[in-house]
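Could you fit the two chains together into a complex? Lean on the hints.
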Amino acid sequence: MDLHSYPRGENGRLEQILNQFFLKSLHMILDSRVPANRPSSRYGEVKKSDKWFNLVLGDRPSAMDNLSFWNRSFMEPMVIDIILVQESLKSSLEHSSITTLGSEMVTDTVIERWVVQHEHRRSVGHSISEASYKKTYKKSILLLRSIYSMLRLLPAYKAFRKRGSSQNCVFDINYKVCTYAVPFSREEDELMKRHNFIPIVTQQGALSVSSTYRKDLSDFIQDAFVSFPSEIITDYVGSPLTEPIRPFPTYSSEKGVRATSFPITGSQPTSSSALLRRHSWTSGIHGDASQKNQPYSGSPPLYRSPYEHSSSPTDVYGHRFQNQRSPACQKAAIDDLLSPPFSPSPSPSPPTYLYSGNPLHSRMRSETPPMSIPHPMMGRSPRYLSPNLSDPNRHSLPPLSPRSTKNDPSSQESSSGIRSIRKSDSLRTGEPSPGLTNLGPRVSRDSKEDSGRFSGPLSSSSSPRVGFSRSSSRLSFQDDFGDGDFTYPFIVDDVDPPDFQSR
Amino acid sequence: MNCEVCQLNELEVEHFEIREVLRCILHTILFHRALGLVRPKDVDLELFEITYVQCGDVEVERKIDEKIDQFIDRVEKHPKKKNQICLSFYEVKNKQATWFTNKVEHLYWEQWYINLNVMQHPKTPSGKSHHSKLVVDPGVEAGGARRVALEASLRDVLFQIIKFVNEKKDHVPSIPNLEGFLFPYEITISRCT
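Protein chains in written order, with full-length UniProt numbering: chain A, 1 to 503; chain B, 1 to 193.
Okay, chain B solo, but in the shape it has when bound (with noise of 0.2 Å):
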């Protein structure tokens, strides 16, 4: 079985942008290949009017959270690195250990990339200002404009993700290997070279 593999947009975020990001591509990536019975789950972005959909489960939103915590955590200690997400289905192969070896074999039949800049911008010093009139940010009105922007790219990226889910179809393992409703998976944190 072949292992397809999709290198998704780069997106470039603020940090406080990360966590919906990933949120919003790895599940939406997760319901495609949840293909046991699902409930369907609509959430709404808080930073972008953008409505995603989780295949409603409580482990996997957990195990979502718990990588992109991990993933901040990188980004937080390696701020000038690109890093990168790989969001990968397996099928297991040698279930037990068998006599000569303990490991179990994962053959991986799909791999997602989610590619994020992280942009570092110079601490503005804090302070309160001791003008009585608001002073407008001229960084307001570009912060928005790369807003929109974002939200353009992250659509984007999820019209790639549905195109791709949709040319290629074959490689999926039967249905019947699947236990749950959800295909194995995993999801690593990978430095960018």
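Same shape as in the complex, but just chain A (with noise of 0.2 Å):
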């Protein structure tokens, strides 16, 4: 669809309403789930695309950098799954899709999914009244509230948490965004809740969101910090004792050093059957589900959070924010306030979702196999920093203290494919490696702003996912508004008119 297609009037701005929610619950949802690899800067200038449902989260997750949407229709929900992944010597467990690397399991299992969409229902024929969709941005300010709450409260964010403060945990979180849900089996959906927010009711249909979640992980992340304790890999190519002949020698006779070896296992994936499937987007292109196979090109980073503490999971929660506060509250002009930033040039592109996962995992999928590419790794400093004093838009937001920034400036590469290899390689060579490594979204980021005409969601940029051609569309998330596009949807005696004039 071309830009001038977008419609025009109350159901333009309706369908920017839609399309920025999509994209604000996938923003939210990523930050809350997905390790960050840099910082956040919720604390600064708030750009006109992070007023949206007054919600100021702060620059996108890299892990979005390499989506784009296209929700033209919105005919098509967004389903978010968010998957565990572990390594394991032990048997298989039951209710996940186990891969091998090299000698390893690797298990991977959806602990919560979320399914955001607009069920469309044709309207009759008259525009939607401007009551009408200040109504709809009204509920969805309200919905988007709750989610943001919801998704601190369920079990996910505890794993979440723990991936995200330890170096040496011994799962890692990935993520996989589609358009259609892979059904649980019997045995999973006994282990999972749902929860159904109520739907909004607008005059093309409604807009629904719902949150599968596993009840239950204490068997993932209890043992995060016992099972797999660091070791020391003697059995190096080299090692004397690989080598009996050669005398032995007595710093490797420490206590506690033992030689290590990983059992090759040989079990297969297993096969996940895929029903109901109607699109699976694979490295941002609008391809087909028989896409297999395609080299990876790079690896993503190794992730050191610089919220790093002791090991045991009970400091996890241990940590209180200090976040200090400005005394006064100034109150923010009501137009930088109420007004969804809508955008004059949406401009679509065909629909784009992005498996990530691990590049590795021989599934029995029809999607691609996630690839990324490395990047350099930023220290994350999201929400539990002080916020900026110098935030320009005081008048707009409550005032905020200095910031104290956690910054981990080393930058790490490693792709979970590529780091399983030099996992392997190091075996053989004799580094030392760490018991585990973190398998994971290593997204690789687009250190480059995409601009462009905006219809909604990210630019694709650089795809770290082989396969994955530079959308021609390169759309930017709402950072190009002109200063003029804001419009007051709901003061009923000054509104100005929407913008959609193209650029």
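Please note that a few of the clues may not be correct.
Capping the alpha-carbon separation at 25 Å, the derived lysine to aspartate or glutamate pairs in DMTMM-like fashion look like this [what the hints assert, rightly or not]:
{"#": "1", "chain 1": "A", "residue 1": "Lys135", "chain 2": "B", "residue 2": "Glu151"}
{"#": "2", "chain 1": "A", "residue 1": "Lys215", "chain 2": "B", "residue 2": "Glu151"}
{"#": "3", "chain 1": "B", "residue 1": "Lys163", "chain 2": "A", "residue 2": "Glu190"}
{"#": "4", "chain 1": "A", "residue 1": "Lys139", "chain 2": "B", "residue 2": "Glu76"}
{"#": "5", "chain 1": "B", "residue 1": "Lys169", "chain 2": "A", "residue 2": "Glu119"}
{"#": "6", "chain 1": "B", "residue 1": "Lys168", "chain 2": "A", "residue 2": "Glu190"}
The set of hints was computed from the structure by calculation and includes no laboratory data.
Shown next, in the form of structure tokens:
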């Protein structure tokens, strides 16, 4: 669809609200589930794009850099799977997808699934009233507040915090965004609980959000820091242990040092029954589901969180936020507070969803294994840090206090797949390697800000996924609104017409 | 406009848990009613493995702490009474004093009742133990179980808030009436009947 075919008038506003809702919810979910690899800029100047639904979330997570949206018709749902990835030497878990990475078994377990969709209902013919979309916008604000709170109450949040707070975590968290939901098996279903948010009825349908989540993650989290202590690999090539003729060096006889070997397992990855599959978006291309085994390029960076603490699970929640606050709450200008930052010129692109998973998982699924390319790691300093005083938008936001940043400037790069290969190599070449490596969503970060005509979501940046071609319509996440693009949907007496002129 | 009322589940808390529990509940409600531009602030409870969300305003934080202090004060003065905190949202009518009245009318459109049952324990004799060995207090295990139960109950209350906010949206005033980022509210402490 071209730029000019975006509906004008109130219909266009509604579609922008819906589009932004999808984006905002995706941002919130990934922000609180996928460990960030770059600092959040929640504190600082508030971009117009971040003012949608009056909820400032800061920069989008790097996980969103490789996703682009189409959502023009909102006909298809957005399904976000949060996947817990575990390396294990134990017997396979029953309800997980199991693959092998060399000599280790990797289990992927969907611990949470979010489904955001707008069930479209063909409108009778008359246009949407202004009051109607204002009401929709208000209800969307309320719904997003609820989703934000809920994200912190569900069990997966604990896993996210544990993963983000320690390098020696035995699991990693991955994600997948697509337009279909692979049904859970009966056994999996019994372990899950479902929460449906009350849908928002619009004149074009109903906007609904639901969450299906594992009730209990203690099996995955409890032994997070117990089962796999770091071990020194001594049976590397050239080790005296492998050459018995050579005298055994005295330094190798330290207590607690023992040879470690990883048995080669022969389990095959289980096949998943991808029923009800309509569209499987892979590598950012509107491709069919038959694409498989695409080579990957690059590797995701190793994640090191500045939020590193002791490995005791009890310490995870032992850190209070020490955000300082500035004294006064200044009232915001009405226009800045209440106007959805409508875009004048949305530009749709073909629906593209990206699967971000471990590229070496030999999944028997129809989507292409996810790939990632390395990118420099930035420290994570999201919501747990003190805000910055120098907020130019203090007139529109409660004042904040000085920021204390715990940025980890180290940048590490590795992909889940390549890291595993490197680990295998290190075993052979004699480099020490930790008992566990981190797998997961090592999404490369495109340092360039994508700009362009906005229809909604993110541009397709330099995708780490092989086969992903940079979309010609590089859509930015509403970073390029014109200065006069704000409309004020709620004041009846003073409403600027929506500015839908193309640039 | 109807006034929607939400009675939250009663929580049985120890004295030292009052502040954390009330902060968590009050801030969670206010975050859902701060419909102006906010930067959400995630806060970890120290006593429980729960993270709640604040709307991120110093003044709101100060007001809530002030009310919590008043509540604790009342509990200490009347330990055997059950007390209730009511968080009300209202619209202001008659903003200016008229010729006949100086009162400003508050039109309440939502009220939340937070019910806390503060447990009273007999004071244990203080003083140092002369025993060289560590004596395990059998009450410690019971306290641990109680804490776990309270955490689950508190989580249920937060889910209750989210459920209420989700189910009832029509009574929320339109946002153009919002001055600042939060609807006018007041917190009152009353005795349970």
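Handout entry: 25 Å limit on alpha-carbon distance, applied to hinted pair Lys163(B) and Glu190(A)
Key = Holds: Lys163(B) and Glu190(A) sit about 23 Å apart, inside 25 Å.
Problem - Restraint check for Lys139(A) with Glu76(B), where alpha carbons must lie at most 25 Å apart - result: Violated, at about 41 Å.
Exercise for the section: Please work out if Lys168(B) and Glu190(A) have their alpha carbons no farther apart than 25 Å. Expected result: Answer violated: Lys168(B) to Glu190(A) is near 30 Å, above 25 Å.
Exercise for the section: Below or equal to 25 Å on CA atoms is what counts here, so check Lys215(A) against Glu151(B). Expected result: holds, 15 Å
Handout entry: Satisfaction of hint between Glu119(A) and Lys169(B), Cα-Cα up to 25 Å
Key = Cα-Cα ~20 Å, so holds.
Practice task
Would you mind confirming whether the straight-line C-alpha gap from Lys135(A) to Glu151(B) stays at or under 25 Å?
Solution key: Given that 25 Å is the threshold and the Cα spacing comes to 36 Å, the pair is violated.
Comparing the model with each earlier hint shows violations of hints 1, 4, 6; every other hint is respected.
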